[in-house]
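> The hints should help you fit chain Y onto chain Z, whose structure is shown.
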Amino acid sequence: MDYLVAGNVMVDIVRFADGSGSDRKNMGGPSVFAYSGVKLWTDSSMLVCKVGEDFYEYFDEWLEKNNVVREGIKVVCDYCNHSFLVYKEDGTYMGDPERFTKERHRSDWIQDFGYMKTTPEDIGEFSSKYNIKGVYLAQNNDYVWWRKFSEIKKRDGFKFMWEIEAPCCEPNQMEANLNALKSTDIFSINVQEACSLFEVDTEEECIEKLKQLPVDVTIFRVGKKGLYSIAGNEVFFLPSAPADRVVDPTGCGNTSTGSAMYAYSEGHDPLMIGIMANVASAQNIRQFGVIPDFDAVREFAYKQAKELYDNYKK
Amino acid sequence: MKYLACGNIMSDIVIDANGVPGPLHMGGPAFFALTALRLWTKDCKLVCKTGADYDETYGSWMDLHGLSRESIRVEADNCTVHVLKYRPDGLFDWESMYGYEALGYLITPPQQIDEACEDDTKGFYFANGLDTVIWRKIDEFKTRRGVKMMWEFGGKAPDGTPETSLKMMKNVIHIADMWSINSAEAEFLFGIPRDKDEDIINEIMKLPVEMTLYRVGKRGAYAVTPSTAVFCESIDITESVDPTGCGNSSTGAAMWAHLEGYDPEMVVSIANVTAGYNAAQLGPIPHITDEIMKDAFEIASQKALKLKEGK
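Chains as they are written, first to last, in the numbering used here: chain Z, 7 to 320; chain Y, 1199 to 1509.
Bound-form chain Z, shown alone (with noise of 0.2 Å):
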């Protein structure tokens, strides 16, 4: 087993500012969608995560067609997280809170997700256990939480993506934020983090900020347009990557994340890094929840980022 990708779960209801969307619950969450990313080019990787029992109902399919590991998932309480997600024009999206005071009390579904998520401990567990490369999660700036896992990370010696989680992007975040830096080698951040936690307006003036941030890499998600791969000095502005259909783009920023950790701890450039991650993102896009088969994809996903590699590298 060559990759841990954590974190939280949820089942998804999606609907876009026309009105249009999902008509059936869709498996989500960052680490589904990140293990999309990574699954997309390997199979040795597997979710770890705490869920609801209710998870299989939604997942159980999907987990036995594509072979996905099991060991991993938790069962702690009766119901995954189930999310309804209403997009706005500018592309970003937010809870229903009509469904929320329908179906469940807001309160008690953030605690739900509290309740889930994942410890160190959760990690630690399986990177003990077997030889890890590298590590992906979506998490806060605990100083507490962050201590425990660089004790895990140096002891197991994995590479470790962080996605760095909304809440997290206010600027007097900052300190907390360069603590959590010092374990991670990759980082994950879109624009409008990027904008808050910088308090700056451009793309341009966010990636000065990201430049000098103490990470090999950072991925720098810019929406639709793409993204930027950013090492040091480096800077890569890598276009979306092309998808034959354009369906939901929940859970792109996760998937392309997870998919850069992989490339990351692959070895591969900056510019692949970025590749990667797009390519996933692509193939994510082209229906509601998460990549459907693997199989299907996979020669063609690593066919169009050589494609891409090979162009920009000319």
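Just so you know, these hints were derived from the structure itself, not from any lab.
Incorrect hints may have been included.
Stated by the list, open to error - Below, a list of computed lysine-lysine pairs in the DSS-like style, where the Cα atoms sit at most 30 Å apart: (1) 1354(Y) with 31(Z); (2) 1354(Y) with 80(Z); (3) 1335(Y) with 31(Z); (4) 1368(Y) with 80(Z); (5) 31(Z) with 1365(Y).
Relative to the frame of chain Z, chain Y by itself:
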């Protein structure tokens, strides 16, 4: 340790009915239950996940009372802080200062209680909801370890309806040995007005638990068993200052009393004496000396005797 107080600890800032905020106080269901256990026995400990800053707030109280910290797990930066806003009817609304996700992260999982149990553990207090997976895990370790559980009722079914909540409660209550519920919760759950004590008690008596502490607010509480219900009015030790945590502390004390083999009169007296001590100040009883423990037992014994005489 013989007795465990399990679950969240939460510091409180109480805003009174006039909107005036008070200072930060130690609190939370498990902590209030711990203070209650400590009023009657030194053989108790706290089982919780909390923030690194808990020591600043709780450390000296824990040390003053010689309490073990072996089952306290520091998992985050901040201990949960709740802002409690009291309404004129005596009930309160609350908000979590560090957010509900942080609160959820610090919820005590069954596995932690299991790990905290020792060979001599007789019982544990746990304020818990209706989640069936959590109950299944509790059932598993309870059966394996032979410990008893006081369930302080909390939460509703995911759909928020009384019907589903009642059904879910009935599906899991056999796993608990003792139960505690207040009149507002009972009104919601059974659909019976909260002033109809007899009707509510009738429903409680049908439940498969050894003893229920049915709390009726300022009026007092009942100790209910399948065959009897004993009412005890509230007991003021000194002037009542703050009712926060009285439900948790009386519940923790009732567990201790029941598992020590006391009869319902003594169980409910001990519960109400505990609530009286708890209400005498903001936050927990500041210093439980051996003398206070002795006094509390004496007051409870006299009250129980009167209850028996009044039968």
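> With reference to the structure, classify each hint as holding or not holding.
Hints, verified against the model:
Among the hinted pairs, residue 1354(Y) with residue 31(Z) is consistent with the structure: their alpha-carbon atoms are about 24 Å apart, no more than 30 Å. Taken as a hint, the residue 1354(Y) and residue 80(Z) pair is honoured in the structure, with Cα atoms around 24 Å apart against an allowance of 30 Å. Under the criterion of a C-alpha separation no larger than 30 Å, the hint pairing residue 1335(Y) with residue 31(Z) is consistent with the structure, at around 28 Å. In summary, the hint linking residue 1368(Y) to residue 80(Z) is supported, as the alpha carbons are separated by about 26 Å, within the 30 Å threshold.
Of the supplied pair hints, the one linking residue 31(Z) and residue 1365(Y) holds, its CA atoms being roughly 26 Å apart against a limit of 30 Å.
In summary, the structure agrees with every hint in the numbered list given earlier.
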